[in-house]
Amino acid sequence: MKKIIFILAVITLTAACDLPDLSVGSMELSIGNGVSRTLLPDISMDPYAFSISGTGPEGHTFLLDTLKDRNVIEDLTPGDWLIEVSASNADGEIIGRGSRTIAVFGGETASAAITVTPLSGTGVLDLSLIWEPDDLSNAVISATLLPPGGTALSLDFIDDGAGSASLSAAFEAGYYTLLLQLLDTDTVVMGSAETVRIVAGETTSGFFDYTDVNSISGSGDIGIDVDLNEPIEIVLSGTMDTISYGSAMTVSAASPAETETISYDWYLNGFPLGNGTTVTVGSDLDPGIYRLDVIALNSDLSRSGSLNHTFTVSQP
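Per my numbering, the sequence shown starts with residue 1, numbered consecutively.
Heads up, a few of these hints could be off.
[What the hints assert, rightly or not] Label pairs and their calculated CB-CB ranges: (1) Asp42 - Lys68: 47 to 55 Å; (2) Pro256 - Ala162: 42 to 50 Å; (3) Ser168 - Ala248: 21 to 29 Å; (4) Thr55 - Glu93: 23 to 31 Å.
Please keep in mind that the hints were generated in silico from the structure rather than gathered at the bench.
Virtual Cβ for every residue (Gly too), placed ideally from N, Cα, C.
Model the full structure from these sequences, guided by the hints.
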């Protein structure tokens, strides 16, 4: 899934100096932004420049292109002004827009806020997956895209029959959780959970290397109960690269940079483990290679993030 974008433009209308001129008003615009990360498109979602336009009474207009986060526009005719803001990255690509009508009063001060959000529309998700064909007798791919609070979308990969598969499809812009599993017939041998961001008009790509998988001969499946649920930076503690057969590993997730409540959903080889700040795995696992993923979501489901840790359960 790199970076996620929400931009807040706060517009404050200020009066002129000591003796206000009631025939005109002024406008002070301060523009801020917030940033996030994970499976993201190549386009930079960092705002670099802003284009601010206004259309007011009697056809009066203004246009301001600026790199600054605070600008003052003076001598505005009193009345309603339609303010439109677009944000672009350092390459000149527009990454967000917002608009609002603001009332300007002569010689008075007013304030308002404009939220500049990512562009609406569809973007493309390109995914590819490889594995060792000799390791599996019947490779099966199970893939689902979960929009926050929405209905799961099934993904259909095209298998080339030689140890690789791919998918290319269009989806509405936004954040999603990707659940991906590689099975040998009906037994999971490897899986992943990732935060995916789709940006309108752009392509988000992901590559998954499952050439190291767990052989299913003589062992059976993983004994885990299925209990389903800008990006967000996650820090893991308690991880181990190798755990002894029969022992356990407790991993904790945190997002120190966040001020709002963050929830965490855990997955092992694509199987949901539940949610919470900590998870314990290992005591019921057969020897092999495993991938532990955690998906972070904020309270209104507008931002997400993911992180993973691969570990090995040693032979008894």
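Right, here's what the structure says about each hint:
no., hint, in the structure
1, Asp42 - Lys68: 47 to 55 Å, "violated, 27 Å"
2, Pro256 - Ala162: 42 to 50 Å, "holds, 44 Å"
3, Ser168 - Ala248: 21 to 29 Å, "violated, 40 Å"
4, Thr55 - Glu93: 23 to 31 Å, "holds, 25 Å"
In summary, the structure is inconsistent with hints 1 and 3 from the numbered list given earlier, while agreeing with the others.
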